[in-house]
Amino acid sequence: MTNEEILRLSASELASVIREGSVSSEEAARAYIEAIKAEDGKYNSYVTVCDDAIEEAKRIDEGIRSGEIDSPLAGVPVAVKDNICTKGILTSCGSRMLSNFIPPYDATVVRKLKEAGMVILGKTNMDEFAMGSTTETSFYGPTVNPHGTGKVPGGSSGGSAACMAAGLAPLSLGSDTGGSIRQPASFCGVTGLKPTYGTVSRYGLVAFASSLDQIGPIGKNAEDCALLFNIISGVDDRDQSSTESDKVDLDKIKNFDVSGKKIGIPEEYFGEGIDEDVRARVSEAVRFFEERGATVEKFKMPIIDYAIPTYYIIACAEACSNLSRYDGVKYGFRPEGVDNLMDLYIRSRSEGFGMEVKRRIMLGNFVLSSGYYDAYYNKALQAKALIKKAFDEAFEKYDVVMGPVAPTTALNMGESLSDPLKMYLGDICTVLINIVGLPAISIPCGNDSNNMPVGLQIIGRHYDEETILGFAASYQRG
Amino acid sequence: MEITPELVGYLEKLGRIRLTPEEEERTQKELGSILAYIDKLGELDTAGVEPLSHAFGRTNVVREDAVLNGDMQDLILANAAETKDGAILVPKTVE
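Going down the list, the sequences are from chains A and B. Using my numbering, the letters of the first sequence map in sequence onto residues 1 to 478. Using my numbering, the letters of the second sequence map in sequence onto residues 1 to 95.
The set of hints was computed from the structure by calculation and includes no laboratory data. Note that the coordinates shown come from a computational prediction; the quantities given were computed from them, not determined experimentally. We put the beta carbon where it would ideally sit given N, CA and C, even for glycine. Please note that a few of the clues may not be correct.
[To be verified] Stretch by stretch, here's where chain A covers chain B in the computed footprint (C-beta under 8 Å, at least three residues):
| no. | stretch |
| --- | --- |
| 1 | 20 to 32 |
| 2 | 35 to 47 |
| 3 | 50 to 61 |
| 4 | 83 to 95 |
[Said to hold, decoys possible] Pairs of lysine-lysine, DSSO-like flavour, derived with a Cα cap of 27 Å:
| no. | chain 1 | residue 1 | chain 2 | residue 2 |
| --- | --- | --- | --- | --- |
| 5 | A | Lys-114 | A | Lys-247 |
| 6 | B | Lys-13 | A | Lys-330 |
| 7 | A | Lys-298 | A | Lys-388 |
| 8 | A | Lys-300 | A | Lys-262 |
| 9 | A | Lys-298 | A | Lys-262 |
| 10 | A | Lys-388 | B | Lys-92 |
| 11 | B | Lys-40 | B | Lys-29 |
| 12 | A | Lys-87 | A | Lys-37 |
| 13 | A | Lys-388 | A | Lys-262 |
| 14 | A | Lys-58 | A | Lys-37 |
| 15 | A | Lys-330 | A | Lys-388 |
| 16 | A | Lys-388 | A | Lys-247 |
| 17 | A | Lys-261 | A | Lys-388 |
| 18 | B | Lys-29 | A | Lys-330 |
| 19 | A | Lys-330 | A | Lys-298 |
| 20 | A | Lys-300 | B | Lys-92 |
| 21 | B | Lys-84 | A | Lys-87 |
| 22 | A | Lys-389 | B | Lys-13 |
| 23 | B | Lys-40 | A | Lys-298 |
| 24 | A | Lys-262 | A | Lys-389 |
| 25 | A | Lys-261 | A | Lys-87 |
| 26 | B | Lys-29 | A | Lys-422 |
| 27 | A | Lys-298 | A | Lys-261 |
| 28 | B | Lys-13 | B | Lys-84 |
| 29 | A | Lys-300 | A | Lys-422 |
| 30 | A | Lys-330 | B | Lys-40 |
| 31 | A | Lys-262 | A | Lys-397 |
| 32 | A | Lys-422 | B | Lys-40 |
| 33 | A | Lys-330 | A | Lys-397 |
[Said to hold, decoys possible] Computed list of chain A residues with no C-beta within reach of chain B, every gap over 12 Å:
| no. | residue |
| --- | --- |
| 34 | Gly-41 |
| 35 | Leu-323 |
| 36 | Ala-375 |
| 37 | Gln-476 |
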């Protein structure tokens with residue numbers, strides 16, 4: 001097979017030719033590393049490229065031949081978001097603060113990738129500390145959307161989505177705190193799964209908002225995402241919020257029948273502020289399921305109006321606590337010539353963090369500070385209870401809830417940096433899902449009039465990844 | 001909620017962050033517009049609603065108190081800016 005042919009294969013196809021022996025893991029890794037070196041200058045989707053990937057792939061080839069490695073994705077390369085710790089490999093989180101951080105350990109998901117015989121190609125670019133929706137706040141410069149020059153790839157997992165769209169990885173891992181897998185997948189025209197909270201261990205994921213953060217796969221299709229999800233999921237003693245969950249049954253996904261299934265459509269997801277093209281493409285995708293026997297019903301979910309305030313209060317409150325660990329002492333950025341300990345803390349943080357991170361730390365400290373706690377943080381936790389109630393009621397009636405992933409397609413670069421509130425408002429369709437820990441998938445469903453991809457979001461019940469992956473796979477089969 | 005320069009200064013202090021005067025001015029405006037939007041949450045009727053922490057009711061989880069990590073002193077110290085004799089150096093804390 002030529003390099004070009006290898007790069008065109010889905011992850012499951014690549015795994016099967018590697019299993020058959022017609023392509024080696026080494027050839028696959030070499031094809032991708034060469035492509036990244038030749039092409040990624042245009043996109044900046046990787047922060048670090050792992051030159052030893054080819055050597056690693058040789059070892060995996062031996063393991064496959066000896067029968068020691070036997071997993072559905074054995075030998076397949078994978079890109080990993082740069083907020084997931086990789087032993088001995090820079091894990092920068094897109095920040096100057098961690099621009100010299102070499103983790104002494106692997107995140108649980110990375111250990112699982114390695115055990116499954118997958119080859120890490122490199123670490124992908126992201127918004128600093130995953131705070132952003134455009135991958136423009138990275139210390140390593142912005143990532144460019146392969147579908148349109150001058151367009152953002154979305155964020156914060158912009159590198160993990162852009163490298164997929166550019167054909168520079170067959171699979172990648174992202175993390176999703178308020179839409180950071182789904183929205184870049186939508187902007188870049190690829191498939192991204194945000195799993196149920198707790199199904200994938202967060203051990204070794206640099207913490208942003210611990211009650212919302214979740215690692216998940218980005219792939220060429222739902223089947224690839226399902227295969228990678230099965231590898232990374234599972235309870236982990238090192239993450240007390242992780243939970244036992246069933247593996248997804250690939251046969252059930254491949255043969256998933258939508259007829260008789262019930263789809264709920266929140267009217268608010270098709271209201272004011274949602275682009276006309278986005279509404280049209282998403283409605284067409286919903287019609288696809290209807291034509292195949294699913295029933296579709298609109299319903300009201302007025303709590304959506306309070307999604308953004310609730311999310312930003314909870315996310316910033318948790319972020320300011322999580323980021324208090326960066327003090328320039330044990331690891332991370334430390335400036336030269338500090339006078340005393342307080343100066344060390346303040347200068348390390350002031351010079352190590354970018355503006356968006358500082359803004360969220362300050363917002364978080366504000367909502368938690370004495371005198372404001374009840375009006376903001378506690379109020380947000382009450383809103384969270386009401387959001388959960390709204391989804392519980394919806395899932396009594398429907399098997400899945402559908403809507404757009406984002407109100408628009410990819411924005412122009414620079415647009416959001418000047419107006420943070422506008423960027424926050426773009427998260428309206430995704431943040432609720434993190435607040436209540438539900439699984440949701442983003443799949444491409446056509447383009448807008450500028451030829452930029454639109455994403456359909458399919459939201460499922462807790463631990464029911466199988467149904468949303470089944471819906472996604474059935475749409476992608478056509 | 002009005003964001004005053006004093007409040008910005010207080011939040012810098014809480015977060016151990018020092019902004020330049022230009023950044024302070026910009027932050028005052030941006031936090032002002034963000035909070036004006038967030039204040040919308042005040043309209044939501046939450047009377048009698050219990051605040052929810054874990055989304056599906058998971059509470060204390062315990063595990064065996066076992067050491068899982070091996071000795072990696074060198075790897076850990078390699079990430080510190082300054083070290084001496086196996087310890088991390090910081091500026092003098094006691095005069």
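Now the hints, each set against the structure:
With a cut-off of 8 Å between beta carbons, the stretch 20 to 32 of chain B has 4 residues touching chain A; three or more are needed, and the interface restraint holds. Counting residues of the stretch 35 to 47 of chain B whose C-beta lies closer than 8 Å to any C-beta of chain A gives 9; at least three are required, and the coverage claim holds. Restraint check on the stretch 50 to 61 of chain B versus chain A: 9 residues with Cβ-Cβ distances below 8 Å, three needed, restraint holds. With 5 residues bearing a CB less than 8 Å from a CB of chain A, the stretch 83 to 95 of chain B meets the requirement of three and the coverage assertion stands.
Between Lys-114(A) and Lys-247(A) the alpha-carbon distance is near 19 Å, which keeps this suggested pair within the 27 Å criterion. Our distance criterion of 27 Å between C-alpha atoms is met by Lys-13(B) and Lys-330(A), whose separation comes to about 22 Å. Taking the CA atoms of Lys-298(A) and Lys-388(A), the gap is near 19 Å; set against the 27 Å cutoff, the hint holds. For the given pair, Lys-300(A) sits about 16 Å from Lys-262(A) by alpha-carbon distance, which is consistent with the 27 Å threshold.
The hinted pair formed by Lys-298(A) and Lys-262(A) meets the criterion: a straight-line CA distance of about 11 Å does not exceed 27 Å. The straight-line distance between the Cα atoms of Lys-388(A) and Lys-92(B) is roughly 50 Å, outside the 27 Å bound, and the hint therefore fails. The hinted pair formed by Lys-40(B) and Lys-29(B) meets the criterion: a straight-line CA distance of about 18 Å does not exceed 27 Å. Our distance criterion of 27 Å between C-alpha atoms is met by Lys-87(A) and Lys-37(A), whose separation comes to about 23 Å.
Distance hint between Lys-388(A) and Lys-262(A) is fulfilled; the C-alpha atoms sit about 20 Å from each other, no more than 27 Å. Restraint check for Lys-58(A) and Lys-37(A): satisfied, since their Cα atoms lie roughly 20 Å apart, inside the 27 Å limit. As the CA atoms of Lys-330(A) and Lys-388(A) are separated by approximately 39 Å, the hinted pair breaks the 27 Å bound. Of the pairs offered as hints, the one joining Lys-388(A) and Lys-247(A) holds, with about 25 Å between alpha carbons and a cut-off of 27 Å not exceeded.
For the suggested pair Lys-261(A) and Lys-388(A), the alpha carbons sit about 22 Å apart, so the restraint of at most 27 Å is met. Between the alpha carbons of Lys-29(B) and Lys-330(A) the distance comes to roughly 35 Å, so the proposed pair goes past 27 Å and is violated. A threshold of 27 Å between alpha carbons decides the hint, and for Lys-330(A) with Lys-298(A) the separation of about 53 Å lies outside it, so the pair is violated. Distance restraint check for Lys-300(A) and Lys-92(B): the Cα-Cα separation of roughly 61 Å exceeds the 27 Å cut-off, and the hinted pair is therefore not satisfied.
About 23 Å separates the Cα atoms of Lys-84(B) and Lys-87(A), which keeps this hinted pair within 27 Å; it holds. Among the hinted pairs, Lys-389(A) with Lys-13(B) is inconsistent with the structure: their alpha-carbon atoms are about 38 Å apart, more than 27 Å. Proposed proximity of Lys-40(B) and Lys-298(A) is supported: the alpha carbons are some 25 Å apart, at most 27 Å. Using a Cα cut-off of 27 Å, the hinted pair Lys-262(A) and Lys-389(A) holds, with the two alpha carbons roughly 19 Å apart.
With a CA separation close to 44 Å, the supplied pair Lys-261(A) and Lys-87(A) exceeds the 27 Å bound. Simply put, Lys-29(B) and Lys-422(A) have alpha-carbon atoms about 14 Å apart, close enough for the 27 Å limit, and the pair holds. Between the alpha carbons of Lys-298(A) and Lys-261(A) the distance comes to roughly 14 Å, so the proposed pair stays at or under 27 Å and holds. Among the hinted pairs, Lys-13(B) with Lys-84(B) is inconsistent with the structure: their alpha-carbon atoms are about 31 Å apart, more than 27 Å.
Using a Cα cut-off of 27 Å, the hinted pair Lys-300(A) and Lys-422(A) holds, with the two alpha carbons roughly 24 Å apart. Note on Lys-330(A) and Lys-40(B): the hinted pairing is violated, with a Cα-Cα distance of about 41 Å set against a maximum of 27 Å. The hinted pair formed by Lys-262(A) and Lys-397(A) meets the criterion: a straight-line CA distance of about 8 Å does not exceed 27 Å. In summary, the hint linking Lys-422(A) to Lys-40(B) is supported, as the alpha carbons are separated by about 16 Å, within the 27 Å threshold.
As the CA atoms of Lys-330(A) and Lys-397(A) are separated by approximately 51 Å, the hinted pair breaks the 27 Å bound. Listed as a non-interface residue, Gly-41(A) keeps its Cβ farther than 12 Å from every Cβ of chain B; the least gap is roughly 29 Å. Once the 12 Å rule is applied to beta carbons, Leu-323(A) is inconsistent with being away from chain B; the minimum gap is 8 Å. Its beta-carbon lying about 7 Å from the closest one in chain B, Ala-375(A) breaks the requirement of being farther than 12 Å from that chain.
For Gln-476(A), the shortest C-beta to C-beta distance to chain B comes to about 29 Å, beyond the 12 Å cut-off, and the non-interface label holds.
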